[in-house]
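J.: One-letter residues, chain by chain:
2 protein chains.
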Amino acid sequence: MAKNKVALVQGNAVVGQSGGPTAVINQSLVGVVQGLVGNREIPKILGCRHGVKGIVEEKYVELNTIASDQLERIAQTPSSALGSSRDKPDAAYCGRIFDSFKKQNVRYFFYIGGNDSSDTCRIVNELAKSSNYELRCFHVPKTIDNDLMENDHTPGFASAAKFVAQAFMGDDLDNRSLPGVKINIIMGRHAGFLTAASMLGRRSETDGPHLIYVPEVSFDVDKFLTDVDATYKKLGRCVIAVSEGIHDDQKKPIAAKLAEMSGKQVERDSHGNVQLSGSGVLGDFLGDLIKSKLGIKRVRSDTFGYLQRSFVGCTSLVDAKEARMAGKKAAQLALTGNIDGSVAIQRVSDEPYRVAFKRVELSDVAGKTRVLDPSFIVNNNNISENFRTYLAPLVGKLPVVETL
Amino acid sequence: MAKNKVALVQGNAVVGQSGGPTAVINQSLVGVVQGLVGNREIPKILGCRHGVKGIVEEKYVELNTIASDQLERIAQTPSSALGSSRDKPDAAYCGRIFDSFKKQNVRYFFYIGGNDSSDTCRIVNELAKSSNYELRCFHVPKTIDNDLMENDHTPGFASAAKFVAQAFMGDDLDNRSLPGVKINIIMGRHAGFLTAASMLGRRSETDGPHLIYVPEVSFDVDKFLTDVDATYKKLGRCVIAVSEGIHDDQKKPIAAKLAEMSGKQVERDSHGNVQLSGSGVLGDFLGDLIKSKLGIKRVRSDTFGYLQRSFVGCTSLVDAKEARMAGKKAAQLALTGNIDGSVAIQRVSDEPYRVAFKRVELSDVAGKTRVLDPSFIVNNNNISENFRTYLAPLVGKLPVVETL
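Top line first, the protein sequences correspond to chains G and R. Letter by letter, the first sequence follows residues 7 to 410 in the numbering used here. Letter by letter, the second sequence follows residues 7 to 410 in the numbering used here.
Which copy is meant is left open, so a pair is good if it fits within one copy or across any two.
With a cut-off of at most 27 Å between alpha-carbon atoms, the simulated DSS-like pairs for lysine-lysine come out as follows:
{"no.": "1", "residue 1": "LYS240", "residue 2": "LYS59"}
{"no.": "2", "residue 1": "LYS297", "residue 2": "LYS94"}
{"no.": "3", "residue 1": "LYS240", "residue 2": "LYS65"}
{"no.": "4", "residue 1": "LYS135", "residue 2": "LYS94"}
{"no.": "5", "residue 1": "LYS263", "residue 2": "LYS229"}
{"no.": "6", "residue 1": "LYS240", "residue 2": "LYS299"}
{"no.": "7", "residue 1": "LYS303", "residue 2": "LYS263"}
{"no.": "8", "residue 1": "LYS239", "residue 2": "LYS65"}
{"no.": "9", "residue 1": "LYS65", "residue 2": "LYS108"}
{"no.": "10", "residue 1": "LYS303", "residue 2": "LYS258"}
{"no.": "11", "residue 1": "LYS263", "residue 2": "LYS297"}
Simulated from the structure, these hints should not be mistaken for lab results.
Using the sequences and the accompanying hints, generate a full structural model.
T.: Here it is, written out as C-alpha cells:
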C-alpha cells in the first residue's frame, strides 16, 4: 500500500437513486460503480431497487459484475435504472436502513438524489457514528430543479434545460406561424431555473418567450393579464413560460388553489408537497382567463410534464460528463478515509467553462433550497440576458434556426 | 430550346404554406424554390405570408433572391417560415386568390399543406381553366397526421413520430422508476398514425405503452377501465397512449363532450372542427377516472401538444430529405406542361427502403382522409408489431436505452 493511503475498511457498497429521475442520473450511478470497482476491500457493489425502499426490503442487484459495454448503455439511458422512491425516511426508517446495512456488512453508501436524499445520508451517517460503525455516506447531487445549495448547478438540470430551450424555440416558431397566445407550464416547485431556461433560444427582441413567471416572484393574476395584453397589442402574439410552482403572496401554489376550487382532492407526497405535475389544470386555467378577460381568440396551453426530465435523445453532453464525474468523485472521496459528505459542482470560470468537484458537508445541502438570484429576474415577468452566460455552457450548442 | 421540351408560360410563381406547421415544411418550401430558380420564364418566386391570406392581402416576399446558405438554414428550421393560415377558402375566396394571381401575372402556384390545401389548389385551378388563364397548380403534401390519400406517408409525419417515440421511450423508463399509471395524449383527429408511433421504442413485452387508443376505434370508458386495471394488476404499472381524437360510438369526440360537461365554450376552427389541442382536459379527465374508479394512487397525465410538430432538434433525416424532394418534384412537374396535381409519396420497397414521388389528381387527395389500416390495430387497444415495419424506415435509428 502506498504511503499516505488510508486503510480501507472491508465491506460492501450500496448505491441508490432517489426522487424524480433525470436524463443523466444513470451517469452518476455508473460513475460510482467505476470509481469503486476493482477494490479488493469492497467485494460487492450493490444497487438498491427503488431507493431506500430497496434497502429495507433487501432488494439488491449486484453491479460490479456488469460488463462495461452494458454499463455504458445504462449510463446513456435516461431515468433511474435502479428505480426510484419518494419515501422520506424518518429516524425510525433510517434505523431500518442502518440495520440492513449491518446485516449486509455495508461500509460504503452512495445516494444519488436531491436535498431530501442528502438528509437521508446525513441521518444514516449519524446513526452509524453513534454506534461506532464505520460507514462512509456520500450524497451525489441530482435534480432538474437545480436547487441544491453549495452547487453552481446540479446534474440533470442542463439536459432538462436543453429540452425546455429547444421546445420553446420550436414553439415560438409555431406561434409566429399561427399567431395567438401560447402558455407553457414548466416543472419547478420553489426554484425557477428550469423555467428561466426557456429564454436560452431567444435570438432577437421579438423572439419568445415574451413573458416568464418563476416561483421566486409572487404571482398576481391582474398583473399577468396586463402583461399579456401589452405584449399581444405590441407583437400580435405572446409566448409565455410559467413555472408550475407559481404561488400567491400567501405562498399558496396557484395550481393547488385551482384544484381546490374545482372540488378536486389535492394530492400530497410523503414530503407534504402538493402534487403539481401530471395535470394540465394550471395552463388551462390561465388560458381560459386570457380568453375571457382579454377577448383573445387563439389561446393555447401546453404542460411540458414528465418529458422534461426523461425524453431520450436530448441530453446535454456537459451534463452527462459532469454527472459521471460527480459519481466518480463520491467514490474517490469515500476511499480516502472515514468521511462523509455531498459532492458539489462549483464553477471555476465562465470562459473557458471550468468546474471543480468538491466535498461539502451533508448538513450544508440537506433539506435546503437554492433559488434564482434576484439579478436574473427582470420586471417580475422576465429573465435577464445575463442568465444566458450562466446557462449556455451547461447546455451546449442549440440547433440553428432561421426566419424569413 | 431542346426538343420535346414544352414551352414555359412566362409568369411568376407563388408558394404558400398552410395548416399546422411541421418540422420539415420548410424543406418543401426550399425544394419548390430550388426546383424553379434560374428559369428565365419565371422572373419572380413569391412566398405568400400566412397562406391564402397573404395572397388576397398581397403580402408577398421574394424568395429567388435569398442566398443559398440562408435557404438551407430555413429548410432546417421547423414551423412554416412564411407563416400559416387556418382559412378555408370558399369559391368566392378562391375568386379573390385568382384575381390576385392575375394582377401579379402568377402562372405557377404551389401550396404546401394537408387535404384542405389540396382542395384550395383544386378550386383555384378550375377557376383558371374556366377563364382560359394558364395556371399550373400543385399541392405539396404535409401533415403530421399522415392522413392523405394516395400517399404511403406524408412529410412531417416521421419527425413527429420520432418525437412521440422518443418521448414514450423516456416516459416508460420514468414510469418503471416511479411506477403508476401514466396517460399521454397525442395529436390526431381522425387518424391514429401518430398515436400508433408511440410503440416504436418498445423493445420487450413489458415495455410501454401497454395500451394504445386510436380514433379508428370507438372509445368505451368501461372497456378502458377494464384494460387499465388488467395491465396494472399484471405489471404494477401502466403507460397509455391516447389520441386526442378518440370519440364515442356516435362519433362525438370525448374531449368535446368533456369540455361541454364542464360548461366550457367549445372552440371550432373555420373547418367546423372542434379544437382538441392546447388543453389538458382529456388527459386530466381520464386520470381522475382511473383514480376514482380503480383506486390507483399514482396517476399522471401529459398532453404532448404542440411540441410534437415543432420541437427543434428531433427531425427525421428521411423526412427532411423527402419533404425537400416533394417540393422539388412539384416544381419539376409544373415545368413540364400545363398540368396540375398533387405530389404523392409511394413506397416501392420496405427493404431496402425506397419510395417514388408521383403526380396524382388533386381530386384524389382533396378533402379526403386516410386512416390506419385495421390490420395495424390489435384488440381495439393496441398496435401490432408489423406497424414497426411500416414506420421504422421513416423515423430512422432511435437512441439506445438499457435497463437493469
